[in-house]
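Engineer: Protein chains in written order, with our numbering: chain P, 1 to 411; chain S, 1 to 118.
Please keep in mind that the hints were generated in silico from the structure rather than gathered at the bench.
Incorrect hints may appear among the rest.
Unchecked claim - The list that follows gives simulated cross-link-like pairs (lysine-lysine, DSS-like), each with its CA atoms no further than 27 Å apart:
id, chain 1, residue 1, chain 2, residue 2
1, S, Lys38, P, Lys83
2, P, Lys334, P, Lys387
3, P, Lys334, S, Lys112
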Amino acid sequence: MWGNNWNWSEALTQFQMRLGAPEGAARLVAYGLGAVVLVTIALTLVLFLIWVTRKVVSRIQDRLGPNRLGPYGLFQSVADALKLLTKEDITPRNADVISYNLAPVFDVFGVFLTLTVVAWAPGLIGADLNIGVPFLVALGAIGIMSALMAGWSSSNKYALLSGFRVVAQLLSYEIPMVLSMFLPVLLIGSMKLGTISASQSLYLFGFNLGLGWTVFIMPAAALIYFISALAEAEQTPFDLLEAESELIAGFHIEYSGMKFAMFFLAQFMNSFFLGAIAVMLFFGGYQGPFVDQLPILGAFYLLIKAMLVYLVTQWIKGTFPRLRVDQMMQFAWKVLVPLVLALVLWQMIVMKIFSSSWMQDVSILIGNLVVGGVVLNVISNYLRRQKVVTKRAFEPKSLIGVMEPVVSSGD
Amino acid sequence: MLQNYLFVLILSTVALIIPVAAIVLGHFLGPRRPDPIKTATYESGVETIGDTWVQFRAQYYLIGLIFLIFDVEVIFLFPIALAFERLSLLSTLAVVTFVLILLLGLLVEWRKGALEWE
Chain P
1 MWGNNWNWSE ALTQFQMRLG APEGAARLVA YGLGAVVLVT IALTLVLFLI
51 WVTRKVVSRI QDRLGPNRLG PYGLFQSVAD ALKLLTKEDI TPRNADVISY
101 NLAPVFDVFG VFLTLTVVAW APGLIGADLN IGVPFLVALG AIGIMSALMA
151 GWSSSNKYAL LSGFRVVAQL LSYEIPMVLS MFLPVLLIGS MKLGTISASQ
201 SLYLFGFNLG LGWTVFIMPA AALIYFISAL AEAEQTPFDL LEAESELIAG
251 FHIEYSGMKF AMFFLAQFMN SFFLGAIAVM LFFGGYQGPF VDQLPILGAF
301 YLLIKAMLVY LVTQWIKGTF PRLRVDQMMQ FAWKVLVPLV LALVLWQMIV
351 MKIFSSSWMQ DVSILIGNLV VGGVVLNVIS NYLRRQKVVT KRAFEPKSLI
401 GVMEPVVSSG D
Chain S
1 MLQNYLFVLI LSTVALIIPV AAIVLGHFLG PRRPDPIKTA TYESGVETIG
51 DTWVQFRAQY YLIGLIFLIF DVEVIFLFPI ALAFERLSLL STLAVVTFVL
101 ILLLGLLVEW RKGALEWE
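Based on the provided sequences and hints, a complete structural model is requested.
Structural biologist: What follows is the structure, encoded as structure tokens:
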């Protein structure tokens, strides 16, 4: 059944045709079923992700987090969704109604379409588009557009400021992200995410270990992708769009009820699936031991790896200070873009000079180690400076020394 | 190949229906009692002064332009990646020159101060 060219939609269509359905209808039903299953998986995943986020951030901050509804508070997000469903839907008086209402729909739409090219297992991929990677880039632009639409149409100064920051931040980090996605594409020679995942196998004595991950060859590309994806997903060191202390909630400040929930949904899905894309491009996708024997294991590998990436982003969320706008912009344009362009150049030259793939891999790795070193150096320098500043600002003189013993009034 | 795009079409229909359905459902399930205070612009409890759509800094426009140039050029790179194995030495040189021009453009923008953000 799981042959070399096995494909879920073909199998479903064949199955229905054997039952006597005409081909066109069978294909439509198969695709419709696939779409509904994918969207259901994503929605369930989001309910779980919200719980994971709240739990992890609470533990980092030494709190308990949700713990009332269901085992370990697992049903808290279900209850929240129900509550949001019954909230009043307030439209601000001055809002531009059409784009105000369309923005949350587009935001969710763009993220749902990402599911098309997620390769869960061999042959288990929504549609293995031959333009997979640029398709993802195009979908990212829908997210940017909807955030700008929301910021502009809310008729609120906070929302508008946040909309400007959307332009500045998301557009700036789009460039290093796309360029770092280009590097594995150049190495593998395919834009299909299914092919990219499949080619990251590692055969040892005819057994697929599934550990031929591109991250071993290009760690710097993975690092740059991860940083830019953090910015694209509006996660913490780059959460300027919704900096609570400056802009209250950012571009969705005027949204309530289900419209707000849609932005929330899109953001969680976006941060998870950006991680899933990182996994497919750099961390082997569905590859893992025994995946050739039991292909459905691939879906578990993909989910586990993507969840680990997600946990790292939450860890960063709990520990890193927010960047200033100018620092954020400079980091994108003056550090990430030139470095990733240099990587592209280096990889192109190396792939033409050396004909053996062994030499290519080693020299790409050397280039990546240099670039990764530079990036890490910039980050650690920044953090060291930041530490000095916060210490001066907040360090108490001496907590215990100041406290004086209570003198009894002596009566 | 085109069948793949049929799937994209069907998925986008589902992806449009779900948020629209959720919002419409929420619209009917929730209460609807608008009043002038509630529908006023929320600016931390302070009365809004002036028009919301204020002038914005030209810098944002500049960043948008730089992004546009880079994004278009990056999209040109993707087809090259697919054909890279078969490229002759001369065309490889052309591609490398293309990336070098990109880098040069970035340097020019840097020198001109387009990347500064105060």
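Engineer: Any hints from earlier that this structure breaks? Give me their numbers in increasing order, please.
Structural biologist: none
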